[in-house]
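Reconstruct the complex from the two isolated chains, following the hints.
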Amino acid sequence: MSTPLRIGFIPLVDAAALIVAVDKGFTRAEGLDVTLVREVSWSNVRDKLNIGMFDAAHLLAPVAIASSLGLGHVKVPIVAPFNLGLNGNAITVSPALHAAIMSEIEGDAVDPMATALALARVVANRKKAGAEPLTFGMTFPFSTHNYQLRFWMAAGGVDPDEDVRLVVLPPPYMVDSLANGHVDAFCVGAPWNSVAVDLGVGHILHFVSDILVRAAEKVLAVRQNWAEKNADVVAALVRAASHAADYIEDPANRAEAAQVLARPDRIGVDAEVIQRTLDGRLKVSPDGQRRESNRYLLVGREGAARPDPAQAAWLYAQMVRWGQTAMRPEALKTAMGVFRPDLYDAAMGQQGTAAGASDAIGAFAGPAFDPGDIEGHLAAFEIGRWKP
Amino acid sequence: MSAESPKIVIVDESPIRAAILEEGLREAGFTGVVHISEMQNLLARIYALDPDVILIDLENPSRDVLEQMFQVSRAVRRPIAMFVDQSDAASIQASVEAGVSAYIVDGLKKERIKPILDLCISRFNAFSKLQDELDRTKSALEERKVIDRAKGILMKAKGFTEDEAYVLMRSTAMREKKKIGEIAQSILTASELLK
Chain A
1 MSTPLRIGFI PLVDAAALIV AVDKGFTRAE GLDVTLVREV SWSNVRDKLN IGMFDAAHLL
61 APVAIASSLG LGHVKVPIVA PFNLGLNGNA ITVSPALHAA IMSEIEGDAV DPMATALALA
121 RVVANRKKAG AEPLTFGMTF PFSTHNYQLR FWMAAGGVDP DEDVRLVVLP PPYMVDSLAN
181 GHVDAFCVGA PWNSVAVDLG VGHILHFVSD ILVRAAEKVL AVRQNWAEKN ADVVAALVRA
241 ASHAADYIED PANRAEAAQV LARPDRIGVD AEVIQRTLDG RLKVSPDGQR RESNRYLLVG
301 REGAARPDPA QAAWLYAQMV RWGQTAMRPE ALKTAMGVFR PDLYDAAMGQ QGTAAGASDA
361 IGAFAGPAFD PGDIEGHLAA FEIGRWKP
Chain B
1 MSAESPKIVI VDESPIRAAI LEEGLREAGF TGVVHISEMQ NLLARIYALD PDVILIDLEN
61 PSRDVLEQMF QVSRAVRRPI AMFVDQSDAA SIQASVEAGV SAYIVDGLKK ERIKPILDLC
121 ISRFNAFSKL QDELDRTKSA LEERKVIDRA KGILMKAKGF TEDEAYVLMR STAMREKKKI
181 GEIAQSILTA SELLK
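Protein sequence lines, in the order shown, are assigned to chains A and B. In terms of the numbering used here, the first sequence is residues 1 to 388. In terms of the numbering used here, the second sequence is residues 1 to 195.
Keep in mind that the hints were calculated from the coordinates and are not lab data. Check the hints yourself; a few may be wrong.
[Unchecked claim] Covered stretches of chain A, as calculated for chain B (at least 3 residues, CB under 8 Å): (1) 32-44; (2) 98-111; (3) 290-303.
[What the hints assert, rightly or not] Okay, derived cross-link-like pairs now, SDA-like style, lysine to any residue, Cα gap no bigger than 25 Å in a straight line: (4) A:Lys75 <-> B:Gln71; (5) A:Lys128 <-> A:Lys75; (6) A:Lys48 <-> B:Gln93.
[Claimed, not checked] Far from chain A, some chain B residues (derived; all Cβ distances over 12 Å): (7) Ala90; (8) Val96; (9) Ser186.
Where a beta carbon is used, it is the ideal one built from N, C-alpha and C, also for glycine.
Okay, chain B solo, but in the shape it has when bound (with noise of 0.2 Å):
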């Protein structure tokens, strides 16, 4: 058995979800958090470490060789418990949407484990949410180019102004009942098709 902080792996080929996730468990006072990046002799390399918990990125295509290594555990007899337990289909059920997978080595006490699984729950949504508004702020700038050059393409061939070309647009969205970003697109679109 482990001493007072349990020894727990991070598995995770994204560097920033690993560091996010290690500061928040260091934060809450586990001191035994090594990440591992690296996908080639992960088995030799867990088995070196000796840890009690592993935290793995469920879009790791490792945790199959995770697998194993419980089903060679078992061999030798060591106590196994993955997630929390049989019973607790809730911890299951919100780690894998959080798409974060704890795998619990050693004979670690179930109250012991709930807050490391909690904590990662909430850090790998928090880095989740970030994810999405990365994207979405990115496809909002692109959306402005793609506005912008079909303004541009209004002006010329219409002979607008800036404001009567964006009027157009947004009525012709709204008309056609569209984002006003489709209707640039396909103005966009059609000029490419005119040239």
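Extracted from the complex, chain A is given alone in its bound form (with noise of 0.2 Å):
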């Protein structure tokens, strides 16, 4: 007998492990019949899943930790069993804006602090020469891209509530925007990046892994109350994620991979374009310069998989910090109780590995991250809506 699950997700690259788990038959060895249902927007995956017309879906991070707290929308305990990706997005610029940031630079382009510190330079002689305030696109105001932009450009002196304009993009307009000027820059998880690169509108100035080592992206997300009827369900997902993550992560394996992912009712776009994702070797600029990180997206590699507690208390420490919500500390452990390294190891068959245990970010810039002193690490950055 075969559990019938639906369960949503947006077309884009870190949906990998779902969407392997499903079309090679992983779930299904597992007894669950799942539908995957793609969908358009994070608002509409979030409200499906918390009225309950899907049982689990493909959701950002962040979200899962704000409908838990009722931010943004209403109240919906949510937890994460499943991590379904670190890392994975990244900055592109347009080739102006490029080109304003070269100029700038002292040091390395790789370097996140030259390049925001560039950036801030930017920004003040565009102020002085009385031109429009540049404008970052993103993808949803609780998004990881929301807070990597923020924390990189923060870090070099800009305020992005201040001095620049944030605004949100769907992922698939994003690409046009940055083509018509609409916007300067924007911050993205794959293909999107590689697509501006490849039609010659945009640079990849940064792999969002230069900016933090380790960022919870997109997590398996289902309702709590559903969790807790479901438990045997919610097990075989994860091991189902699991064996697809493993199968994603095998180099042999990669082309199968991405041509599965490339489908058009999954991905829809080039299986090459999906590959150099996955391989971590993106080209970087319309001329055809290359970059490797085998940190550029981590699907299941490097314990990614399991859902780590600090990482939800650092996207919570992002909401305090840029206003969204008010420091709390039963809201904090609200948050860390939403990624639920529990559920995956009763799943997995194994036992608790405690956390890294200095920091589970590695951000470069700013105090190692403490779950434990959110308003002390907050106080270590100047700007931001929060005053202790």
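Following this line, the structure appears as structure tokens:
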């Protein structure tokens, strides 16, 4: 007997473990009969999960937390027993902004502090000249993209709420908006950065792994009360996704995984573009220049799949830093409780391992992150909407 | 706050559905209805119109753009409710199932938003029913064409009359527990292969 499930996803490469789990039969092997439903917006994914039209979903990690806290929408407690990916985003800038940053840069262009300081000088020059502020696109108010952009530019002295404009753009509109000058830059997941580079309208300035070594990106999300009633199904889903992640990370399977993901009813872009992301070998400029990183997108590797509550705490800290919510200890506890390594361990038959002793994030600026002292941590940053 | 009739913005790329919705709202006495079909600079346009209620097609990716608007509005301390309110899960469910999402921008009273939302849900449902009927009619027409072509093939190959060809397909369909359209399609496929 197999359990029917409806699972929503957004066509992005970091849905890979979920899509491969279904399309390569890993979910069937676990006794699950999964229908994947492609969605157009994170609001839709969230709402359909919240009201039970989906049993599970590919969801932005911060949306799972915001939903559990009732931020920005109705409060529905969500749990994440599996992390679909770490990292995977990139910051892409228009050729004009790229040239402006490169003319101001001191130091190495892959050093995010050097680019952030250069951006601050570009912003100051524009202000002096009376030009419009630069506009940056990101995918959702509660998104890693939003926090990664803000973290980076603020480290260089740019106030993301005062000095530039940050706007939400649906990922499929990003490339057009960059091409027609509606935005000067964006932070988005694959494949959109590569699409912009291939069309000659953008330069990838940073992989987000330059900014944060480990950033929880998308989670496999389920409603808390559903997870309690369907513990076996949750465990089966986790195992299926885990097998899929192992499959994807084996270099021998990459080409086939990319083919599966490329299908029109899944991500619907060229397999070659998808494989670049999985391999972490990206074309970063229209002239063909490439950059490699073995941390570009982690699907299951280096413990990426096991939810880490310290990551949830970091995301909550960003919500506090940028004024999306006030700092409340019980809300922090709720946020950390969204990420459920215990459910992951139960499914995988593993003993729980403690999170990294020092810092679960590895940010390029600021002190090591301490979930036990968020206020102390935030006090170290000059720019932010939160004041002690 | 708005005057008597709340200002309603409809964000929809389908001109037909937007027209159906707009007409319904006007009939119900809501005079301040504006339709936006262009997604570029959506936020700027909405800010300029300053609506009390925003209605958006659920399949529009720009829903995420509106979420930001509420975040920003929150920062300037404007009261906000989404859908109706936290307690009204049934309304949320009904509107999501119908494919419409309503955002209430200002401090509109629940009693005032309820009829708007209810009307939109019924209009959206009516629209999708129309769409379904259209699709069904289209596929029925397609099936008729396939059956006619299959009949032609049988008449030519077997020297049947039209009635005999039809009877053979129907009895085969009954025996194999399939639709007559499926039998007709397999005749077409087979004849393509045997060409």
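Checking each numbered hint in turn, tell me which of them this model violates, lowest number first. The structure conflicts with hints 2, 3, 5, 7 and 8, although it agrees with all the remaining ones.
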